[in-house]
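Chains A and B, in that order, are what the protein sequence lines are.
Counting in this note's numbering, the first sequence runs from -19 upward without gaps.
Counting in this note's numbering, the second sequence runs from -19 upward without gaps.
These are computed hints drawn from the structure, not numbers from a lab.
It is possible that part of the hints are untrue.
Repeated chains share a single entry, so a pair holds when one copy, or any two copies, can fit it.
With a cut-off of at most 27 angstroms between alpha-carbon atoms, the simulated BS3-like pairs for lysine-lysine come out as follows [as the list claims (entries may be wrong)]:
(1) Lys91 <-> Lys101
(2) Lys233 <-> Lys327
(3) Lys304 <-> Lys101
(4) Lys421 <-> Lys92
(5) Lys326 <-> Lys91
(6) Lys276 <-> Lys233
(7) Lys101 <-> Lys45
(8) Lys101 <-> Lys326
(9) Lys233 <-> Lys101
(10) Lys507 <-> Lys91
(11) Lys45 <-> Lys233
(12) Lys327 <-> Lys91
(13) Lys233 <-> Lys92
Number of protein chains: 2
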Amino acid sequence: MPAAHDSAFDLPRVVIQRISPELDGGRHPVKRVVGREVAVGVDILKDGHDVVAARLCHRVKGERKWATTPLEFVFDDERWMGRFTPERVGRHQFRVEAWPDPFATWCGELKKRIDAGQDVKSELLEGAAIVRARLAHAAGASTVRLADAHRTLAHDEESLEARIEVALSPQLLELMAGPWDETTVTRSELREIVVDPELAEFSTWYELFPRSQTDDPARHGTFADVEARLPQLAALGFDVLYLPPIHPIGQSKRKGRNNSPSCEPGDVGSPWAIGSAEGGHDAVHPQLGSLADFEKLVRSARALGIEVALDFALQCSPDHPWVKRHPEWFFVRPDGTLRYAENPPKKYEDIYPLNFWCTDRAGLWTACRDLLLFWIARGVTIFRVDNPHTKPFAFWEWCIAEVKARHPEVILLAEAFTRPKRMQALAKLGFTQSYTYFTWKNTSEELRAYVSELAHGEMAEYYRPNFFANTPDILHEYLQRGGPAAFRVRLVLAATLSPTYGIYSGYEQCENVPLREGSEEYLHSEKYEIKPRLREPAGVLEPEIARLNRIRREHPALQRLDNVTFLYTEYPGILAYLKRAQQGDLIVTVNTDPHSAHDTLVDVPLELLGIGETEPFAVRDLLTGERYVWQGRHAYVRLDPRERVAHVLRVERA
Amino acid sequence: MPAAHDSAFDLPRVVIQRISPELDGGRHPVKRVVGREVAVGVDILKDGHDVVAARLCHRVKGERKWATTPLEFVFDDERWMGRFTPERVGRHQFRVEAWPDPFATWCGELKKRIDAGQDVKSELLEGAAIVRARLAHAAGASTVRLADAHRTLAHDEESLEARIEVALSPQLLELMAGPWDETTVTRSELREIVVDPELAEFSTWYELFPRSQTDDPARHGTFADVEARLPQLAALGFDVLYLPPIHPIGQSKRKGRNNSPSCEPGDVGSPWAIGSAEGGHDAVHPQLGSLADFEKLVRSARALGIEVALDFALQCSPDHPWVKRHPEWFFVRPDGTLRYAENPPKKYEDIYPLNFWCTDRAGLWTACRDLLLFWIARGVTIFRVDNPHTKPFAFWEWCIAEVKARHPEVILLAEAFTRPKRMQALAKLGFTQSYTYFTWKNTSEELRAYVSELAHGEMAEYYRPNFFANTPDILHEYLQRGGPAAFRVRLVLAATLSPTYGIYSGYEQCENVPLREGSEEYLHSEKYEIKPRLREPAGVLEPEIARLNRIRREHPALQRLDNVTFLYTEYPGILAYLKRAQQGDLIVTVNTDPHSAHDTLVDVPLELLGIGETEPFAVRDLLTGERYVWQGRHAYVRLDPRERVAHVLRVERA
């Protein structure tokens, strides 16, 4: 048998396990926002009876020095908790350090021996030896004080009382704290946290087609037209303005109006058929203006508190410069032509997909990353990524890491409407926000279940929902058939259930005509034609939008996802939920039936609100200013969609 | 910006996640037994619409070659399942491989195009290109057949029908299967499984003190006396005979009878105070016989189907040879003396703990490991490890890995009665079996909750309970006060709830006198004196023990833990459970009140049994041979402890 080699025995003194937050055993980071406290939990196990001490170490990734904060034993089953608040955007790391604490162990035992009336002379000498060992690692002022303590403990002729007093003094305990012998410290694996700007969690989106910002279908809207709309959007309370692709649009196989496979002269084509002789993903469509115009738009928006979000759609029209310059980045058919997009038997001949596993993938992936860097250099910090689930997961993980290492403030919204685990995987590997199934969750039961999963399940650690109430691709039957009340219902739900939500223009007009019966596409969709938005009257929902967005800004309860508690209602079609915050609790009730009035008793969670059984209290409807006095566990609510679809109630003392 | 280097883009084509079984993200292996199928589940995610193929690879750790078995897509949320059966004891590894399957993708799309009436000439050429690519990796007979298929697909002048027939033929699909392009294969991380002998899961233990195998308290029992008892123990159905430490016992500070701090002349001391001038952990107590006698005992036992289990108690009496030879392995006090065991204010002066973090820990740990190897060389394959939770977790992980790498068949039972996570941690890091809280779970509710946690919680993956009904340290109040019926109840519960259980001698005599009121220690405990067992009459419970152990051997339903389903009983004090097995289902009902008769209706799980609502069926009580005809969802059971405490019913067809 070979003799065991010493280094094999430098093994951990304690077991550190089940760190939280943690995702997939540390494979993926969890997400947080800057300035929000991170609570860390961990099991620390040590054999025998020794006292263990532990601390939480954290830093911005790439820094050398760790900040430390104490970990505290919280309950009997070996669980410790600590907290820290990341002060900067970027990737953070944390780990746990734990070590046997010989001095604290000795103190605890000394007390028990004294209580049992045992002779502790020998123990005091042991304590002195521990202090001496600590002295070898001491520096500065503590050296003198430790040496004093050592002298007293070791001094046979001092009175026992004096020695015990020093031994058990809080001063000595403090001097002896901390891991002073490196070899006894056990360190956990590193865990990472993506710390995003606040806007990643709490944001209000508006989507518009720049070319539609015109009062004449024959005149192509421009960046300047968009700029002119900014004050109105700011007044409505939006802080992200998302633009579909702004790049040159291909001519070949251009789609006609209403997604017709052939286009007529003058048809403007789909902005997602990116690239023409005028340039590709790093160019702007000449009819929108110049790159300088775009940069001006970005600056003007920011001055009003609005960030411009761009679409990032990695596909090319047949006229895209890459097609000629890099045919090797596409799929080549046996006859030498490039393959257009297909989902057989459906064909999308106006776009070519990229072959992310082509031989020159280094070139292609780098070029894709550089597109993001190009627009970031022009002031864009938010990207809505088109169909990320049709590009490799590995590509996104690489690309987002590359970008966020340089620009940690960047926000990427994943527009993946696909099976749950694929959407989750994209969020885990780096997307900041994600589209959701919200548009298809229209009953109380569906909303309760879905929001509970998002807010209270594992997804809460990494999946930030963006509740769009409509999109250019999704006009749900609920909106088609429910009239303005349906739009009101979905607006209140989006704005109060999710800290991030959005609408696509036309929503404020209650636009509800589908391409055809059974379709979720709009008739005369802006995807294929100019819709002269400036000719439209003021949107009927605008006052409500402005009010809701102001309420959102004023109430921290609406600025996070995890503080929602659904309340029992006798009539299930009225959805009720509490949104809690230190600064004030809100209760929202929404009639999900846009056609009929309903009433119900709502269970009021008095314990959570800290209100007594018989204590009257007031709730104020932030939408109307009305004030109601409630008392007891049941509140009566009646919502008639002809008058109102919801209450957003601030709980006040009577 | 530096140009991206190619190798950075050799990234996984698919995401492989959430492999099961898996413990703590792969940090610890799960446990299985040889010959029992292992079911593996995994999520496999791929972007886009490509067909994915996957397989499960497994091998004994250390082997170079992998065995493979298919993984199959089981349900819609990206989940795949596969199975393999480890044929050898030892540590096994498995991993998952997945790859995009271009040919299957192409076939699926071809069918859709044909169904849509599209022209597929160009697609057939694409298919031909895929077959040609495969050809480059082909060998043997398949080369010719692939070349034929390629010729047909690529041959413009063949009829379209003939080409399509070849394209979609199952023969070609089979030839094209498998990952033929290494660069497209994604491999999961390795996961490990400890595969133990069947005895690790299903075993029946008997514990006795060899020195008590005598009919005269003045005559020290010997290995030969133990050997003489083997036929009886085999007839009772035991297959593990566990002996407390058999080593020389220290003289210094030897404990007297009933744990008295001072001993009288002739007192034999505690076998756990290991070591004297006659030797340490690798010696046998001379009064028991010689090492050769012990080896003979081991051989005789094995011939009767019994394994001898030794105690592994890492502590030393003050007279242990290590104390002189290796004082550096102990804790030294300031006055130069060694520190005895203490849990202040309690003192255990007859033993010295080892200092596992001493400077020469390489020497100490290696010496401890070598003790196990020493006894393994003498035929011992099972060790009951004393108080492992007072030695470092790191030591056990190292030591068990060292031993099992050489002797994978070895079984180690952890005797840790401590907080749950510490017991769990020991099981995770290598102990084969573990003691449990069973002795303290005496009500139906406690038993249901505890067994459900063990059988159906995460612990089922790694924690093998050994349900001892009593031990030399634990005589529960339930047994002290419940009379023989209490012993019968606990025997049936232990033997039918857990595939591994044990009793300590005296149980069959219904020995129930505690050291004093409120103590779980035995009066005149064998830990401190010789109890002349051979003078006792045959144990009153022996017939029941023999019958239960025979039933256990004959019924696979009692040989695993995970097949238990608790049944609702109207009277909760009667515990009822189904134990399922292909070879026959059992229903056990136990009256947990040893004092009074009770009756109840038991919910019969007809669906699980495959029996119709109105179909009569028989149950046979394996304890008595009685047969009852039951019908419907409710069965009446009455259990009077004066007659019987339980039914063990085999479900039979009427």
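Numbers of unmet hints, in rising order: Hints 4, 6, 7, 10, 11 contradicted; others consistent.
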